[in-house]
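Going down the list, the sequences are from chains A and B. Sequential numbering from 1 applies to the first sequence in full-length UniProt numbering. Sequential numbering from 1 applies to the second sequence in full-length UniProt numbering.
There's no promise every hint is true.
No copy labels: a pair is met if it fits in one copy or bridges any two.
Said to hold, decoys possible - Straight-line Cα separation of at most 27 Å, DSS-like style, residue types lysine-lysine; simulated pairs: (1) K239 to K339; (2) K271 to K388; (3) K151 to K26; (4) K239 to K151; (5) K271 to K26; (6) K343 to K130; (7) K201 to K151; (8) K75 to K151.
Note that these hints are calculated values from the structure, not bench results.
Number of protein chains: 2
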Amino acid sequence: MYNIPTSSSRRVVIIGGGFGGLAAAKALRESGLQVVMIDSNNCHQFQPLLYQVATSGLEPTAIAFPLRSILRGRKDFHFRMAYVTGVDVERCVVMTETGELEYDYLVVAAGADTNYFGMSNIEAASMPLKSIDEALALRNRIYRSLESAQKCECVEEQERLLNFVIVGGGATGVELAGALAELRNRVLPRDFPDLDFSRMKVWLLNASDRLLEAFSEKSSEKCLTDLRAMGVDVLVEAKVSDYADGAVIYNDGQRIESANLIWASGIIANKFEGLDNTARGRRIVIDEYCRVGERVFAIGDIAINNESPLPQVAQVAIQQGRNVGRNVINMERGRALEKFVYKNKGSMATIGRNRAVAEIGRLRVSGFAAWVLWLFVHLLFILGFRNKLLVMWDWAWSYVTHDQPLRSIIEAKKRR
Amino acid sequence: MYNIPTSSSRRVVIIGGGFGGLAAAKALRESGLQVVMIDSNNCHQFQPLLYQVATSGLEPTAIAFPLRSILRGRKDFHFRMAYVTGVDVERCVVMTETGELEYDYLVVAAGADTNYFGMSNIEAASMPLKSIDEALALRNRIYRSLESAQKCECVEEQERLLNFVIVGGGATGVELAGALAELRNRVLPRDFPDLDFSRMKVWLLNASDRLLEAFSEKSSEKCLTDLRAMGVDVLVEAKVSDYADGAVIYNDGQRIESANLIWASGIIANKFEGLDNTARGRRIVIDEYCRVGERVFAIGDIAINNESPLPQVAQVAIQQGRNVGRNVINMERGRALEKFVYKNKGSMATIGRNRAVAEIGRLRVSGFAAWVLWLFVHLLFILGFRNKLLVMWDWAWSYVTHDQPLRSIIEAKKRR
Chain A
1 MYNIPTSSSR RVVIIGGGFG GLAAAKALRE SGLQVVMIDS NNCHQFQPLL
51 YQVATSGLEP TAIAFPLRSI LRGRKDFHFR MAYVTGVDVE RCVVMTETGE
101 LEYDYLVVAA GADTNYFGMS NIEAASMPLK SIDEALALRN RIYRSLESAQ
151 KCECVEEQER LLNFVIVGGG ATGVELAGAL AELRNRVLPR DFPDLDFSRM
201 KVWLLNASDR LLEAFSEKSS EKCLTDLRAM GVDVLVEAKV SDYADGAVIY
251 NDGQRIESAN LIWASGIIAN KFEGLDNTAR GRRIVIDEYC RVGERVFAIG
301 DIAINNESPL PQVAQVAIQQ GRNVGRNVIN MERGRALEKF VYKNKGSMAT
351 IGRNRAVAEI GRLRVSGFAA WVLWLFVHLL FILGFRNKLL VMWDWAWSYV
401 THDQPLRSII EAKKRR
Chain B
1 MYNIPTSSSR RVVIIGGGFG GLAAAKALRE SGLQVVMIDS NNCHQFQPLL
51 YQVATSGLEP TAIAFPLRSI LRGRKDFHFR MAYVTGVDVE RCVVMTETGE
101 LEYDYLVVAA GADTNYFGMS NIEAASMPLK SIDEALALRN RIYRSLESAQ
151 KCECVEEQER LLNFVIVGGG ATGVELAGAL AELRNRVLPR DFPDLDFSRM
201 KVWLLNASDR LLEAFSEKSS EKCLTDLRAM GVDVLVEAKV SDYADGAVIY
251 NDGQRIESAN LIWASGIIAN KFEGLDNTAR GRRIVIDEYC RVGERVFAIG
301 DIAINNESPL PQVAQVAIQQ GRNVGRNVIN MERGRALEKF VYKNKGSMAT
351 IGRNRAVAEI GRLRVSGFAA WVLWLFVHLL FILGFRNKLL VMWDWAWSYV
401 THDQPLRSII EAKKRR
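Go ahead and model the full structure; you've got the sequences and the hints to work with.
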C-alpha cells in the first residue's frame, strides 16, 4: 500500500517529522533498511520559535523545513503525507485516514497538541500555539484586534480588544508575553499613532505560584522581575477555569474582559489508537528501551516511561530518536539493545531584547549573556542553511531597526 | 465616526491601498488635507508577483507591505481597516460593514476580483490568483495534489491529481504556466523521487487564438514557442465552459480530468454601491478627470472612461492616482483641473528562467535581455527596502540552486 517501492530490506515506519522522528531517521541513515516517514504536514516545524512567528518577528517559512528536502538523496527513504489514526500491532500495520501501511519496525513520534483539560468554552475561544498554522492565526488575530480597537468608539469594547491574556507561565507563555510586550512598547505605537497604547495590556496568568517551574527559583524570580519591568501584568496563583461573555474567568469568578485569549497552559499527547496511551497526558507507556511492543517504539512528547518520567521537550525527543534508531540497527544485527539514558543539556527561555535565562548543569546565566546563548543555540538547531540565514536576517533586522516588519494579515483561503 | 481625530483640514477618503490608492495618497502628501485610507487588508499586495508566491518562489511577506508603514509619519494621514460596501453621495459618506465615514473628497480605488462570468461550478472548483491569500491557497493545493498523487494507487486518479489546468492566456496565466513547468522540470523530481513527472501536465487554455493579446503578434508567437519548449500543453481557441465530475470542460464537451483548475481568465470590478458601475466588467464610469461626481473620483481597475477605455493594469492605476491627487489639490486651491492623459510605458511578461517578452514603445525585446529588464522593473516597483532585498535574495537563491525552498504547506487556522 501507499505506493512505496518494493525493497529487499525490512521497513521502518516513522510517524512524525518532529525532533524525535527526524533524529530516528538520521540514526537510520546508514542502516540499509527501508525508512518511510509519515506526517500530516509536509514540513518539519521548529516549535521553539513559534511565538516569534506569532508576534511577527519571523517568516513562517523560516521555521518550516520541507521533510522531503531532508530525506532527499537518501537511498530507500520515503516520505508520505498522511494523517495517522493508530496502529494494529497484530497485523503490523499503521492505520491512516487514507489507507494502511505495513511495517517491520515502528517508531511513533507523533507528538502532542494543546490541552484544554476538557474546558470547551476555552477551546472554542482561545488561540493555541503548537503549529505554524496556529502561530499565523494568532498573528492575524493580534493585528485584527488592534485594527478593530482603532476603529472602535466604545471604550469598554476597545479595552476588551486591547487585553491580551496569555494563560500558562512555562517557556511558551513567558516568551510570548515578553515578545508581545516588546511589540507594544517599541513597534506598534509608530504604526497606530491614533491609539493610546498605555491601554493595551499583556496579561500572563499562571496557575502555580511561580513562572518557569522547570527552572530554579532564582531564574523564575529573575523572569518575573524582567517581565514586570517590561510592563507585563503577571498574575501567579491565577487558575483560569472558563471563558464566558467575552471574559476570561479565573479563581472562582474573577474576570478579565478580553477578545484575545492565548492558551499555553499544557499539552496532551496526540490521539493514537492501538497502543496503551492511558498514562498521564494521554501518553503511550514505554519501557527503558522506549519500547511499547516487540518492534514498536514511541518517543518524544507522545511517550512516557512511568519509572523515570521526563519533561516533554525537544532534547528528550532527539536523544530518544537517536537511541531508537541505534536499537533498530542492533535488533537487525542481533546485538543487545542499549538502554535509554537522558542527558539533560539544560534549559533556556528568552524574555525580551537582551534578556533571557539559561541553566546548564550548575551554571545559571541571565541577562545579555543568556540571551546571546539562546540566539546561538536556536540558530544551531534550525534545519537548513537557508533557514538559518533567514532567521539571522530577520533577527538582525528587528534588532537594528526596532521593527517587526511582518505585520501583514495573510490567510491561505479563497476570498468570498 | 471611525475614530478619526478631528482636523481643521478637509478630508480625502481613499478606498483601496493598491497601486492607484497609494499613488493618490503619495500625491496628497504635501496637500495639508486630512487623508484617510481604507482597505479590507492591512497591507499593499504586489499583484504582479502573486504567481511566484503560488509556485513557492517567493515568501508571501516579500510582496506584502503593511499600509500603516507606508503612511507612518505623514501628518494627518490615517489608515482604517474596513470592508467598504459603497457610497452615499447625497450625504457624502462611505458605507462600510462596520459603520459610516464622512468625506469631503472621495477616491474609489477598490480594484477588481476574479470574473467567473457566472459559471458557478467553475467558481466553486477553481483556484483564483488575485490576492496573497489565494496565492498561498494555490501553493498549498499544488503540494497537496502532489502528495496525494504520490500515495495514490489508482492510475486515473493519479492522472487527475497531476493535471494542472490554467485557464486564461494573459500575463498571469502565461507566467504561472511557465513557473509551474519549471517547478516540474527542475525542482519537484528531486523531492518526489518515487513519482514519474512525465505524467504531470501543465495545461494552458486560452479562449482566443493567441496568448498575450495585449502584446504584438511576434511576442505572442515567441511566448507560445517558449512555453511549448518548456513542456506546457498550450491550447488556443479552447473556451472553458464548465467543471463537472472532476473534469474541466471546454469547446462543447472536450474534457481534461483535473483536480487543479486555476482560473486566470478575467476580472470584474469589486462590488460598489451608490455609483454608476454598469460599464463593461462592472466598472464605474468616469470622465476625462477620473470623476464620477462633484468631488468623487474612481481610478484603476474599478473605473472606465468609455470615451477612451484603458487596460486594467498597474500603470494606469498609478498614473490616474497621481492625476487625481493633483486635481484634489487644484480644487482646494481654486485652480483648473488637469485632464488625465495615459502614457503607455510598455508591457512585459516573464515566461521562465532567462525567458521573457517586453515591449516598450516600438522596442520589442525577448529572451534573456527582456528577462533581466523584467527583474529590474519589478524590483523597482516593490515597496520597501526590506522587501526588495528579500525578493532579490529569493530570486538569487532559486537562480543559483535551481531550487524553490518554500514548499511547506502552511495555513492560518486553528487545528482540529
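Cross-check of the supplied hints:
Taking the shortest Cα distances, K239 and K339 never come within 27 Å of each other, neither inside one copy (39 Å) nor across copies (67 Å). In this assembly of identical chains, K271 and K388 lie within 27 Å of each other by CA distance neither inside one copy nor across copies; the values are 32 Å within and 44 Å between. Proximity of K151 and K26 under a CA criterion of 27 Å is satisfied inter-copy only: 23 Å between copies versus 52 Å inside one chain copy. Neither within a single protomer nor between protomers do K239 and K151 lie at most 27 Å apart by alpha-carbon distance, with minima of 33 Å and 46 Å respectively.
Proximity of K271 and K26 under a CA criterion of 27 Å is satisfied intra-copy only: 25 Å inside one chain copy versus 54 Å between copies. Taking the shortest alpha-carbon separations for K343 and K130, only the intra-copy value of 25 Å comes in at or below 27 Å, while the best inter-copy value is 52 Å. With identical chains, the CA atoms of K201 and K151 are at most 27 Å apart within one copy only, with a shortest distance of 18 Å there and 48 Å across copies. Within a single copy, K75 and K151 get their C-alpha atoms only as close as 57 Å, which misses the 27 Å cut-off; across copies the closest is 19 Å, which meets it.
Checked against the numbered hints given earlier, this structure breaks hints 1, 2 and 4; the rest are met.
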